[in-house]
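> Each chain sits in its own coordinate frame; assemble them with the hints.
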Amino acid sequence: MNFSEKLKSGKFLITSEVGPPKGINIDKSLDEAELLKEKVDGFNVTDLQSSVMRLGSLAVCHLLAKRGLEPIFQIICRDRNRLALQSDLLSAYVLGIRNVLILTGDHPVLGDHPEAKPVFDLDSVSLLKVTSGLIEGKDMKGNDLDGKPDFCLGAVVNPGADPLEPQLVKMEKKIEVGARFFQTQAVYDLKKFEEFMKKAEQFGVPILGGIVILKSSGMARYMNEKVAGVSVPEKYIKMMAEAKKGERAKVGIQIGAELIRDMKDLCQGVHIMPLGWERYVPELLKASGLD
Amino acid sequence: MLAVQIKPEEEILPKISGKKLFIFVCLGCQEVYFPREDVERFINNLREEIVGKALLDYLCNREFVGEYVKGYSKQIERANVILVFSCGVGVQVVSSLLEDRVVYTGCDTLYLNGFQGLTSQEFNCNQCGECYLNYTGGICPITNCPKSLLDGACGGAKNGKCEVDPEADCAWILIYKKLEKIGKLDILKKILSPRDHSKIITESLSREEIER
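Chains as they are written, first to last, in our numbering: chain W, 2 to 292; chain D, 411 to 622.
The hints are simulated quantities; they were obtained by calculation from the structure and are not laboratory data.
A portion of the hints provided could be inaccurate.
[Claimed, not checked] Cβ-Cβ distance ranges computed for the label pairs, FRET-style:
hint: 1; chain 1: D; residue 1: Asp467; chain 2: W; residue 2: His114; range: 55 to 61 Å
hint: 2; chain 1: W; residue 1: Val53; chain 2: D; residue 2: Pro424; range: 56 to 62 Å
hint: 3; chain 1: D; residue 1: His607; chain 2: W; residue 2: Glu177; range: 23 to 29 Å
hint: 4; chain 1: W; residue 1: Lys251; chain 2: D; residue 2: Asp510; range: 33 to 39 Å
hint: 5; chain 1: D; residue 1: Lys484; chain 2: W; residue 2: Asp263; range: 57 to 63 Å
hint: 6; chain 1: D; residue 1: Glu473; chain 2: W; residue 2: Glu226; range: 56 to 62 Å
hint: 7; chain 1: W; residue 1: Leu276; chain 2: D; residue 2: Arg446; range: 55 to 61 Å
hint: 8; chain 1: W; residue 1: Lys265; chain 2: D; residue 2: His607; range: 45 to 51 Å
hint: 9; chain 1: D; residue 1: Gly481; chain 2: W; residue 2: Gly219; range: 53 to 59 Å
[Said to hold, decoys possible] List of simulated lysine-lysine pairs, BS3-like, C-alpha gap at most 30 Å:
hint: 10; chain 1: D; residue 1: Lys568; chain 2: W; residue 2: Lys9
hint: 11; chain 1: W; residue 1: Lys251; chain 2: W; residue 2: Lys192
hint: 12; chain 1: D; residue 1: Lys571; chain 2: W; residue 2: Lys239
hint: 13; chain 1: D; residue 1: Lys429; chain 2: W; residue 2: Lys192
hint: 14; chain 1: W; residue 1: Lys200; chain 2: W; residue 2: Lys236
hint: 15; chain 1: D; residue 1: Lys430; chain 2: W; residue 2: Lys200
Don't be surprised by glycine CBs; every beta carbon is placed ideally from N, CA and C.
One chain only, chain D, in its complex shape (with noise of 0.2 Å):
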């Protein structure tokens, strides 16, 4: 099951404002909640000049949408937004291939159990109800850093890898780069934590109450 409520106006609008759009929607899960009829409400509302549009499938599987990225390469080279309606995975595959474009979300992820592990294996979502992505250039701290930070670095990385897996990247060192190439750093001094917890669906309530 999937569910994915569009964001509210107040978070997206100012971002977007006056901007050339070019918009991703994920139609992959839409059979399940999927608000596709809000998203097109909010699309056809938009007074900015939308320079592409697409519609496809399974927006978190990443090859596939490096296709589209290609074959849309003209008008999204036109935009300076690039908008993307899906859940956390997709938003984060479209930012990963546009590394130098300013990617926002136009959702917040609920609930996607039974869908992780269908989709990319790269990219991971914790269906916060409140999606961060907007604020950290695509990249997701909640999964990618072992602390979840929402309010940047912790120091400990050494040569660019987290303290806790020297594997790993550190996601904050990540997100000041994206955010530098995209100029946009002045986002982080936007103070993002403490979440609210009570979003969470999967912490905090049944799955009745997710369907109602």
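The shape of chain W in the complex, shown without the other chains (with noise of 0.2 Å):
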């Protein structure tokens, strides 16, 4: 089965993530990818994420399909025009690619060049909707296409946002242009998180939570600070305090199981992001019981 047709099969999905390196070493990373073959149902590839310049998406998509992985291609709207965009969609399904997840982006004065023209000539709206336009073999502006390409889209949406109803309202405006699942920000919050699970169930699309595992107090409490829709219960943020240095990836991931066996009766999968912890992902799934 591939990833579309296991999201209509109802399976409880994971996917994880592959993070592009800032250089052209790119083995380990599909090495780590590859260990988590037969227990992952996709791999997200990161699209230049927070603004740091690094190897394209679309060309780890297309080794992680070479290696018979399910790639799911992360393309932002920071750095191409609807041209770029467009073209690049097409790019991606000639290169073997079959699933999209739809982002805006974030600026670029967030990243490494912060001088870089933003460009959001698109937005994950109307990117979802001239990329759905490609699936009926029109482009955006109606002019048929020689072969049209065949896309799962996915898009995100921030559990946690205060106030939450733009969110939700942003929501229904993506499934309305063809996203069929979506991909949270990470959840450390279960109550917060059912409660928007609990408005967002009407929309019949299924959701997959997001999980972050936590490195340190440090980086829990910088989330809490910095990062929207984010908050680390104070119980977490002093596990990771109590942790030895040699210990805290295995508080990290026991924290992370615990949030995983949580949201399985509230929602239709996880995605882990693992920031760099990739090689810590087979212990997680194993400590959640997803193995």
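Structure follows, in structure tokens:
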């Protein structure tokens, strides 16, 4: 079963992430992904995440597909106008990519090239609409395509956003223009996530809750202060603070596994964002009983 | 130089159909390219009840307009819709003064080079040639959101502040609150992007072409 078929099957889905390196040494990332081949249903490949210049998502997705893995091509609107976005989507299809996750993207000032021109010619909603058009065989001006791509389209939502209502309105718009699954921002506060799920259930679209393995108490505090919609409860911060240096990964995995086990009853899957800790994903899956 | 054109009837008329209107017309820069005759013709052809009309200079001057709003408060209270004929700055000024009222613009702003900086510092107009203020409660997402998003909040705001500029309020949260206040949240369902960049004169055409 491919990812699209699995979505329809109602199976509890697991996706993970490959963050392309800054440079051309990609073998380690590919090998780490390959270790998860039978355990994970898809691999998001981030597109210049956090506005930091890196190896491209399209190339890495293609390499994953060549190894028989199921890539989810993340494509954002920060760096390309509508001509380049449509063209890259067509390129993705001919390179064997079948799943696309569409996002607006971070602003360049947050990354390592803050002087860059922010493009944002399209946004997540309009790019989803345009991509749905490509699937129908038309470019965004209505011109016929010679051969049409068939993609499974996904989008993101921030379940911890405050206020939440604008996120729900946007989520509904994304579904209307073709999003068939959602992955969320990192979740630590399950009560808040449950409230979100109650409101989002009506849309009937699979939602994969976001999991980020905590690396330290400092990381947790930083996210609480800086990252929108993320609130790590005090008990987890305490657990991380009390862990000895060599045991932090173990404790982070323990917390992640606890969150995943609780999420199983709330949503349709989990999306693991290892942020450099790809090597710990197998252990996390094992600890959460998803192995 | 300022160049403003009246919006297509099919955009304005459905929004004001059957409503009681209060109309603001800005005469501040009319000596340049403000389509005063078109505006008058448009107003005269309206079948809607006009409960009041204010013609004034420099709708972009918030303090001055505030006095007008006070002076006309009884008529404004009777209106369901405040319709503004001015550049984008004037519309934002009126909307900011009438927080709980439905404010629509009748104009698309094409060009205001030379006037920016002379007028209100609080509001800016990007001269899109296709004004979105009718869909955003009179709060401009093009000039107030660093990504100029047209389809809602990016989700990156923390405590209502923008992730790019933590001093600034998230424009889309302000828009959401304003639309909630005026009972128009359903407007948010409309997909506004993408912009038509060929309408943006400052990006695409020469001054001679604008004058033509």
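> Decide, hint by hint, whether the structure agrees.
Against the structure, the hints come out as follows:
1. Between Asp467/D and His114/W, the C-beta spacing of about 45 Å breaks the proposed range 55 to 61 Å.
2. For the hinted restraint 56 to 62 Å between Val53/W and Pro424/D, the CB-CB distance of approximately 46 Å leaves it violated.
3. In this structure the hint that His607/D and Glu177/W lie 23 to 29 Å apart at CB holds, the actual value being about 24 Å.
4. Range check, Lys251/W to Asp510/D: Cβ separation about 55 Å, and the 33 to 39 Å hint is violated.
5. Look at Lys484/D against Asp263/W: about 58 Å separates their beta carbons, and that is inside 57 to 63 Å.
6. Between Glu473/D and Glu226/W the C-beta distance comes to about 38 Å, which lies outside the given range of 56 to 62 Å.
7. For Leu276/W and Arg446/D, the hinted distance range of 55 to 61 Å is satisfied, since their beta carbons lie about 59 Å from each other.
8. The hinted range of 45 to 51 Å is satisfied by Lys265/W and His607/D, whose Cβ atoms lie roughly 46 Å apart.
9. Between Gly481/D and Gly219/W the CB atoms are about 58 Å apart, so this pair conforms to the stated range of 53 to 59 Å.
10. Restraint check: the Cα-Cα separation between Lys568/D and Lys9/W comes to about 35 Å, which exceeds 30 Å; the hinted pair is violated.
11. For a cut-off of 30 Å, the pair hint linking Lys251/W to Lys192/W stands: about 24 Å separates their Cα positions.
12. For the hint linking Lys571/D to Lys239/W, the alpha-carbon distance of about 28 Å falls within 30 Å, and the restraint holds.
13. The straight-line distance between the Cα atoms of Lys429/D and Lys192/W is roughly 44 Å, outside the 30 Å bound, and the hint therefore fails.
14. Proposed proximity of Lys200/W and Lys236/W is supported: the alpha carbons are some 27 Å apart, at most 30 Å.
15. About 37 Å separates the Cα atoms of Lys430/D and Lys200/W, which puts this hinted pair outside 30 Å; it is violated.
Hints 1, 2, 4, 6, 10, 13 and 15 from the list above are not met by this structure, while the remaining hints are.
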